Every structure is written in structure tokens, then in C-alpha cells.
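The task is simple: from the sequences and hints, build the whole structure.
Listed below, chain by chain, are the residues.
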Amino acid sequence: MLEVSALAAARGDRVLFASLDFSVPAGGLLQVTGRNGTGKTTLLRVLARLARPEAGVARWKGTLVDELGDEYFADLCYLGHAPAIKDDLTARENLAISAGIAGVTVDAAAIDAALAEVGLIGREMLPGRVLSQGQRRRVALAQLYLGSRKLWLLDEPLAALDTEAADAFIARLGQHLHGGGVAVVATHHAIEPAAPATLHQLRLGSAR
Amino acid sequence: MGSDTIFPLSAWEPPVNLNWCLTPITVLRRDLLLTLRRPAELMTTLFFFIIVVSLFPLGIGPQPELLREIAPGVLWVAALLASLLALPRLFAADHADGTLEQLALAPQPLSLIVFAKLVAHWLTTGLPLTLLAPLIALQFDLPASTIWVLVVSLALGTPILGAIGAVGAALTLGLRGGGVLTAVLVLPLYIPALIFGAGAVEATLGGLDAEGHLSLLAALTVFTLTFAPWAAAAAVRISLD
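For the protein sequence lines, the chains are A and B, in the order given.
The numbering of the first sequence is our numbering, which starts it at 415 and goes up by one.
The numbering of the second sequence is our numbering, which starts it at 917 and goes up by one.
These aren't lab readings, by the way, just hints derived from the structure by calculation.
Please read these numbers as outputs of a predicted model, since none were measured by experiment.
We treat Cβ as the ideally placed atom computed from N, Cα and C, and that holds for glycine.
Check before you lean on any hint, since a few could be wrong.
Rough simulated footprint, nothing fancy, chain B against chain A, three-plus residues with beta-carbon under 8 Å [said to hold, decoys possible]:
hint, region
1, 460 to 474
2, 481 to 493
3, 501 to 511
Right, dumping it as C-alpha cells:
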């Protein structure tokens, strides 16, 4: 599903990675590890087309990502470091708006179901400013469960989550892969969802 | 939670059957909702406009002739500075909390989303300024016909200020001292709008027809609204990279 060939990226003068090749089939999970500053976030941003690579191309379902354009974005869900939660909006409004921005059609019941899944039911009317870091992260993760986007690009999804929530998320990730989804996850934690089709590990910066 | 009981949209819930797949509509509604939840930012802009304009009659004293003469320029420059003050609202908060990345990843053209943001921004900045202008113009002893032209010129001109400003605001995202830099970038580009806008009011004041000025201003509005969202979208992408 997702193929990358000869990908290279740099931050200023420093080359983070070069001639990176990998392919993740449907149901596959690619876990990106590596020390701080080795380019995990940059790799995800390049895959999400937020950053330009120095060289190389990415293909999604066999077509160049650059040619797919909005079709690629419709399949994509990227969660970065910042959870994109507005302090003045409630958890429910935040989630509804995230879905709307991503072009996912949802109803109120689906929103509540997603919030229930991340354990925020009963807190759905709290404004973002009173949510803890972990709860903000949960709201951000909840948007993964809306719609049926095939490609998850997750940057440290477990940051600030408690063990229970982390386990629940990993189980949900397993379901996503089981349904033929693809995930690229940058994380320091070991993620072992139940029997993904393929589990790859990519260690960045190991040459140094 | 205090704000929830004050504003009419507090009962706002995700509308079940509305077309949520249209990202720009979501963004427009969200920006309006955010302004309603935090009206202080909007009020700051309006208060700035009112106070800057009011300082001139107070400083100059009761000289109706002189006041009438400077009124078009003063009102327009004040509106221009007030718009400038509101520019950081456009992208800075979204940039800080990661929403801007999600907007860039939406399966809709970013320029369309920027346009939606511009509409929301105009409704919460340009439109209130335009509606306030006739009231505070009374301090300058302007005749009714001139006030009417002033309103039309501001209605046509404030979208230009927002749209050009959006390009500047997007280019300076994440930079230290971005606000001042935006002003330096954007103010020279405001000059045509200022000339035609204030010119229209001045022409009516001198007993001339303002139509020529207003037509040029309208043309400038159409031109800016066509190209600025596209340029601002490109600038946002550059800032995110």
C-alpha cells in the first residue's frame, strides 16, 4: 500500500536520513524508532506531505503521492505532537471540528461513540482548557476512530497516555490493521498489536 | 464554563445532517464560534478603532472645517491599523496548537480553506468596523451623503485589508516579532486601498462623484480576493515546512 523509495530529508545542512526504502502492505505496521533528533518526526511529516523531502518519492496504492493530491489526504490521518485542541471548545466540539476539517461526515452519535471509546464520556462537555495533557491526547486519538481512513501516521501517540488508555489504543490499532489499514508510528514504546499482517521496525540514525 | 451561559451559540452542537464533508464550512463556523467564545479579542480591535478616531477631534478641538477635511484619511488609516491589529488572530493560534497542520492535510484545497477563514475574519473584523464607522464619523461633522460613501468604501476595502494581511500573517508564522514584521510587510501593500477608499470619501466631500474611486476599489477587492487566498495558502505551506 505505502511504498517509499530513495527518500532523503535534511534539516538545514544536516542529513537526517538518505536513500530510505521501505514498503508497508495492507494490514502492515511500521514502527519508527530512533534516538531524539534522528528524524522520526521529519519522516512522518514528509510522508504527510507537510515537509518536502530532499530526494525520493512515496507511493500510495501504487500511485505517486504527489499525483494523488486530495485523494491521498482523504485516506490519511496524521497526528503530530500538538493535539490541535482548542481551549475554548468542548471535547465534543473539538472532535466534531477535527472530523469536519478532515472531510469526514459524522453524526452526534458517532462523536459520542468515539469519545466513549477513549474513555471521555461524561467529560465531553468540558472545555479544552480544563483537560489534562492525557485527556487532550485522547481527544486527538478519538478522531482516528471516525471515518475509515486507511493510513495512520502517528507521532508519539502514546505520549501522556496512562497504561489503560495506551492498551486500549494499541488494541484499536490492531483492529485498524486487521481491517486492512496501514499505520506508520513513531514511538519509543514497544507497540505489539494483536497479529498485524506485518510488523516492521525502522531504526533511524543507527548508522551513527 | 462561565462563557457557556452568556453566548447564544453555547448550545451549538455538531449539526447532524449538515454537510460536514465541506472543510471550509467547518472552518468558517469554527472561527465564528471561537470569536463568540472569546469576544475580548474582537472588542480590542473595535475599541482601538473607536479610540484612535476619537483622539483626533479631541486633539484638534472644535474646528469643523479642519475636522471635515481630515476625516476621510483619519477614518481610513484608523480602520487600516485596526485591521492590522487583528491579523495575528488569523493563523497564529491555529499554528501554535497544530490545527494549521490539520488544515493543510484536509482533502480540500488549502486556498479554499484560507478563503473561508478570510470570510470569518471579515465578519468579525471588517464588518463591525464598517458598521461602527458611521457612528464615530459623526464626530467629524460629515454630511450624510459622505457618511454613506464612507460605509460603502469600507465595506469594499476591509476585505482587501484582511486578504493582503493574511499573506503577511502567514509568511511571518512562527517568527519572533512576527507582528511587527507583518506590519512592515503589509502596510505598503495597503496603500492602493487607502488611496481609493479615502479618495472616494474625499471626492464626495468636495462635491464630486465617488463612483470612479469606488469602482476601482471594487476591482481591487475582486483582484485581491482572487489571488490572496492562493498566495496565503502557499505561504502557510512554506511556514509549516
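Structure-based check of all given hints:
Given a C-beta distance limit of less than 8 Å, the hint that chain B covers the region 460 to 474 of chain A holds, as 5 residues qualify and 3 suffice. Using a Cβ-Cβ cut-off of 8 Å, 6 residues of the region 481 to 493 of chain A lie near chain B, which meets the minimum of three, so the contact claim holds. Coverage of a stretch by a chain is defined here by at least three residues with a beta carbon nearer than 8 Å to that chain's beta carbons; for the region 501 to 511 of chain A and chain B the count is 6, and the condition holds.
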